[in-house]
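Quick note, the sequences are listed as chains A and B, same order.
If you use this note's numbering, the first sequence corresponds to residues 7 to 182, in order.
If you use this note's numbering, the second sequence corresponds to residues 780 to 929, in order.
Just to be clear, a hint being listed does not mean it is correct.
Stated by the list, open to error - Among the chain B residues that face chain A by a calculated CB cut under 8 Å, a handful are:
{"id": "1", "residue": "F820"}
{"id": "2", "residue": "R892"}
{"id": "3", "residue": "G895"}
Unchecked claim - On the chain B side, residues computed to face chain A include the following (Cβ under 7 Å):
{"id": "4", "residue": "S795"}
{"id": "5", "residue": "F810"}
{"id": "6", "residue": "P816"}
{"id": "7", "residue": "G818"}
{"id": "8", "residue": "A828"}
{"id": "9", "residue": "T856"}
{"id": "10", "residue": "P889"}
{"id": "11", "residue": "Y890"}
{"id": "12", "residue": "Y893"}
{"id": "13", "residue": "I896"}
{"id": "14", "residue": "A910"}
{"id": "15", "residue": "I914"}
{"id": "16", "residue": "S917"}
{"id": "17", "residue": "L918"}
What the hints assert, rightly or not - Covered, in the sense of this in silico footprint (three residues per stretch, anywhere, with C-beta under 8 Å from a C-beta of chain B), are these stretches of chain A:
{"id": "18", "stretch": "55-69"}
{"id": "19", "stretch": "106-112"}
{"id": "20", "stretch": "164-170"}
Just so you know, these hints were derived from the structure itself, not from any lab.
For each residue, glycine too, the CB sits at the ideal point set by N, CA and C.
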Amino acid sequence: MNISFELPLLALLVLTAGAAILVKDLISAVLLLGSYSFFMALVWAWLGSADVAFVEAVVGAGLATVLFLLTLFRTAPEDTRIKRPRPPLVALVALPLLAFLLLYAARDIPSFGDPLSPANAHVSPEYLENSLAETKSPNAVAAVLMDYRSIDTLIETVVVFTSGVACWLLLRRDAE
Amino acid sequence: MIRSPFGSVIVTRTCSMLIPLVQIFALYVLFFGQYGPGGGFVAGVMVAASIVVGLIVFGREGVSGQRASSVLAGDGTGLILYVAIGGACMIGGGEFLNYSDAPVPGVPPPYRRYLGILLTQVGVAADVAVAAVSIVFSLSRSGARGGSDG
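In isolation and in its complexed conformation, chain B is listed as follows (with noise of 0.2 Å):
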């Protein structure tokens, strides 16, 4: 159902302007999740929608289209980044997930979470985003059925 370009001017011009606004936003919503409203789940969905978004207006054949199905390609890597900060707790000699044993040199163990809770955020954003633009590829995938325009 998703056609390839889609023929507007102001479409194209507004979406082209708006989706890096877009993604700036999400990596202040990601990094300022610690001092704010925002976090991890939200920053992934908004990075997926500006993709998705990219998807509609420009087709899955275009240069949106192509980044993508490359977002694809990293599937499961905010999962393993998370899992190895809790596995990287435990080489520090502590308990899964207990950044205060995180093995990092020279940091007290308050400045240890925090770390600890912006790089997982960093992870589950990673692992939302790329499993929302998987859900809309495959719900988008050509040949629908009964489909006039798939």
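Isolated chain A (complex conformation) (with noise of 0.2 Å):
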């Protein structure tokens, strides 16, 4: 592993997540928001899935933003600034010992690339070793996604179909 290429990378992820929530305004958040997926997309990159990383930058910096700005014009014409009131002092005190309590936790968290670990261990090998000859498929991320996981891809395109279904329907009444 690189450091030099993972620290900039990280700092970048945590500066544009950072900006996104304490920018005073709607549409710049937005588009920090779009930025924040496209260093997204450099991590998934850099962790070896190349798929999830096309994924991200066309779905997460690309659609995502698209429809958040147009949910924005739609809304807020005049004004997407936003005021925030102090944060509780619950808050100031929980949110700093949940942190501790994630950072501790992911002590146990296998390390990367382990092939021990129980996500590695399970059905990865079998994939892995098989879908080239079963499905003739080179890419094993397309083998798993559409033929042995093909259920989890079809209740996954209902959802997305329903989720138009809805969004036509939520938002019809205002055309008439």
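Take the two lone chains, each set in its own frame, and fit them into one complex as the hints suggest.
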């Protein structure tokens, strides 16, 4: 692992995420979230998952930004600035505690690329060894997504379809 | 909020060159998904993105607006294609979505599964593209509350 690439990437991620929360203007926040998605895509590519990087760049940085912007233009055309009240004292105490607990729990996560971790030891070897012979697809991700886990993907497709129909049903009244 | 023609020559000329390129690249991503990164979801979103860009730049009343609204008529066809392939596998005597039982004569099971993956990805791409364009259409419909440029 190359520190000189990882550290600037981590810094940019934290910077864009923090800026998206702290910035006063909602449109700036949306655009910062889009750049955060681009850096996240770089992280995925760096970790070797090109498929996820592709989806993050196209959906997270592209489509989601457009949808956020359209929603903003539709709901608050004049004033998209936000006024934040001061955070309550409970949050100032509880959130660092929560962060500490999460970091403490993170020590039990198996290290990246550990072949003995539960995620890599259960069904993954079988997919990786047999998918080319069984499905003739060199990209094991496509084989897992569309063949071995086909019903999961079917339900995902149903979810996407439902979201389109639900948006149309919720927003159609304004047109009349 | 989507206004009819954008009014900038640079923007319209660039987009009229860029949109077909994006669509061809989306087809490449869709049919190359079994050999490299990509697949149905990304290809669908890219097709939708090209249509949305055309909608924003050329307006709803222009040719691309008409094309985008004709895309909406395909609502659910991707899902039907996906489920139909699953049903065809059952007709072939196997389980739902077990492509190796799909009734394709003269093709050994691994290549049946290859075909099944390819066709279901086309279904996913169609479904995602129509859903994304439909959401953008719903959000950008004229008569937005309080919108002066609606």
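Right, here's what the structure says about each hint:
Interface hint at F820/B: satisfied, since its Cβ lies 6 Å from the closest Cβ of chain A, which is below the 8 Å cut-off. Below 8 Å, beta-carbon pairs count as interface contacts, and R892/B has one with chain A at about 4 Å; its hint therefore holds. Nearest Cβ of chain A to the Cβ of G895/B: about 7 Å, under the 8 Å cut. The hint holds. At a threshold of 7 Å, the smallest CB-CB gap from S795/B to chain A is about 19 Å, leaving the interface hint violated.
Given hint, F810/B at the interface with chain A, is violated; its Cβ is 11 Å from that chain's nearest Cβ, farther than 7 Å. A cut of 7 Å between beta carbons decides the hint on P816/B: the least distance to chain A is about 4 Å, and the hint holds. Taking 7 Å as the C-beta cut-off, the interface hint given for G818/B holds, the closest approach to chain A being about 5 Å. Here the hint on A828/B is kept, as its CB sits about 6 Å from the closest CB of chain A, short of 7 Å.
Below 7 Å, beta-carbon pairs count as interface contacts, and T856/B has none with chain A, the closest being about 10 Å; its hint is therefore violated. Hint on P889/B holds. Least Cβ distance to chain A is approximately 5 Å, under the 7 Å limit. Below 7 Å, beta-carbon pairs count as interface contacts, and Y890/B has one with chain A at about 6 Å; its hint therefore holds. Proximity of Y893/B to chain A holds as hinted, the smallest CB-CB distance being about 4 Å (cut-off 7 Å).
For I896/B, the suggested interface contact is upheld, since its CB lies about 4 Å from the closest CB of chain A, less than 7 Å. Interface hint at A910/B: satisfied, since its Cβ lies 3 Å from the closest Cβ of chain A, which is below the 7 Å cut-off. Using the Cβ-Cβ criterion of 7 Å, the hint placing I914/B at the interface with chain A is satisfied: the shortest such distance is roughly 5 Å. Using the Cβ-Cβ criterion of 7 Å, the hint placing S917/B at the interface with chain A is satisfied: the shortest such distance is roughly 4 Å.
Checking L918/B against chain A: minimum C-beta separation of about 4 Å stays under 7 Å; hint holds. Note: the stretch 55-69 of chain A has 9 residues with beta-carbon separation from chain B under 8 Å; the three-residue rule is met and the coverage holds. As drawn, the stretch 106-112 of chain A meets chain B at 0 residues by the rule of a beta-carbon pair under 8 Å; below three, the given contact is violated. Only residues whose beta carbon comes within less than 8 Å of a beta carbon in chain B count, and the stretch 164-170 of chain A has 5; three or more means the coverage holds.
Taken one by one, the earlier hints fail for this structure at numbers 4, 5, 9 and 19, listed in ascending order.
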